[in-house]
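Student: Listed below are the residues making up each chain.
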Amino acid sequence: DAKTTQPPSMDCAEGRAANLPCNHSTISGNEYVYWYRQIHSQGPQYIIHGLKNNETNEMASLIITEDRKSSTLILPHATLRDTAVYYCIAGGFKTIFGAGTRLFVKA
Amino acid sequence: GAVVSQHPSRVICKSGTSVKIECRSLDFQATTMFWYRQFPKQSLMLMATSNEGSKATYEQGVEKDKFLINHASLTLSTLTVTSAHPEDSSFYICSARVVTEPTEAFFGQGTRLTVV
Chain A
57 DAKTTQPPSM
67 DCAEGRAANL
77 PCNHSTISGN
87 EYVYWYRQIH
97 SQGPQYIIHG
107 LKNNETNEMA
117 SLIITEDRKS
127 STLILPHATL
137 RDTAVYYCIA
147 GGFKTIFGAG
157 TRLFVKA
Chain B
29 GAVVSQHPSR
39 VICKSGTSVK
49 IECRSLDFQA
59 TTMFWYRQFP
69 KQSLMLMATS
79 NEGSKATYEQ
89 GVEKDKFLIN
99 HASLTLSTLT
109 VTSAHPEDSS
119 FYICSARVVT
129 EPTEAFFGQG
139 TRLTVV
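Note that the protein sequences, when read in sequence, are chains A and B.
For the first sequence, the positions run 57 to 163 when the numbering used here is used.
For the second sequence, the positions run 29 to 144 when the numbering used here is used.
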C-alpha cells in the first residue's frame, strides 16, 4: 500500500464546502484511492473511492490529480454531523489506516 | 451498503479470563474479514486477516496465541482475546470485503473491551 499524508486537523464552517487533501505520491498504477471517516467511538464509514477519474456520490466528491499523486475529498455542504476523522487510503485489499485528518465543523 | 454487525458492543471482563467478539456480515458473504484494534486518540491498527476456512494471517507483532481468530463460515468471524490483561483494553473493530478490490470495505460498529 502507498503511504498517504494528510493534515492532522482542519476546521470548516457549517454549510460551507470542506476540502480535505491527501498526498499519495508513491501510489502505483493499479491502486485505488479510498476515503473513510470515523465518528467518535464508531466503526469507520466508507465514503468514496476512485482510480483515475473524479467521482461523486451522495456523500462527497473525489478529485484525483492527473498524475494521481494527490487527491481531495470534497464535502459540498458540511454539517455538524460531518465532524469526524477522515482517512485517505491508497492501496490494495488490506485497508491500512494512517493518522487521518480530524475535521471540525463549526456552527 | 452492506452491513457488518459486531457483538457485543461493550464488554467488561476480569484479568485472566477470555472474551469472544463476533463479527457477522448480515447481507453478503465475506470471504475475507479483517480485525483491528484502536487505542484512544490513535488510528486503527490492523491485527489480522481472516479467510473463511483457513488460518488467519497476523500482522507483525500481534500474538496469534493471544488473539485467536476463527472464520468458520462466510458470514461469521470471531476474535477471542485469551487470558486478557488490562493492557488489552481497547476498541476492537472488524471489517469485511465482498470480493477483492476495488470494492470498499464494510466495518462493524466496534467492541469496547475493558479488562479489570
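Among the clues, some could well be false.
[Stated by the list, open to error] In silico lysine-lysine, DSS-like type, Cα no more than 30 Å apart, as pairs:
#1 B:Lys69 to A:Lys125
#2 B:Lys69 to A:Lys162
#3 B:Lys92 to A:Lys150
#4 A:Lys59 to B:Lys69
#5 A:Lys150 to B:Lys94
#6 B:Lys48 to A:Lys150
#7 B:Lys83 to A:Lys150
#8 B:Lys92 to A:Lys59
[What the hints assert, rightly or not] Covered by chain B, according to a simulated footprint, are these stretches of chain A (three or more residues, beta-carbon under 8 Å):
#9 108-122
#10 142-151
#11 154-161
Keep in mind the hints are simulated off the structure, nothing from the lab.
For each residue, glycine too, the CB sits at the ideal point set by N, CA and C.
Student: Hints first: check each against the structure and report whether it holds.
Tutor: Here is what the structure says about each hint:
For the hint linking Lys69 (chain B) to Lys125 (chain A), the alpha-carbon distance of about 28 Å falls within 30 Å, and the restraint holds. A C-alpha spacing of about 21 Å is found between Lys69 (chain B) and Lys162 (chain A), which places the hinted pair at or below 30 Å, so the restraint holds. Taking the CA atoms of Lys92 (chain B) and Lys150 (chain A), the gap is near 18 Å; set against the 30 Å cutoff, the hint holds. The straight-line distance between the Cα atoms of Lys59 (chain A) and Lys69 (chain B) is roughly 20 Å, inside the 30 Å bound, and the hint therefore holds.
For the suggested pair Lys150 (chain A) and Lys94 (chain B), the alpha carbons sit about 22 Å apart, so the restraint of at most 30 Å is met. Note on Lys48 (chain B) and Lys150 (chain A): the hinted pairing holds, with a Cα-Cα distance of about 23 Å set against a maximum of 30 Å. As the CA atoms of Lys83 (chain B) and Lys150 (chain A) are separated by approximately 16 Å, the hinted pair is consistent with the 30 Å bound. The straight-line distance between the Cα atoms of Lys92 (chain B) and Lys59 (chain A) is roughly 26 Å, inside the 30 Å bound, and the hint therefore holds.
With a cut-off of 8 Å between beta carbons, the stretch 108-122 of chain A has 0 residues touching chain B; three or more are needed, and the interface restraint is violated. Under a criterion of three residues with beta carbons nearer than 8 Å to beta carbons of chain B, the stated coverage of the stretch 142-151 of chain A is upheld, 5 such residues being counted. Three residues within the 8 Å Cβ limit are the bar, and the stretch 154-161 of chain A against chain B gives 3, so the coverage statement holds.
The structure fails hint 9 only (numbered hints given earlier).
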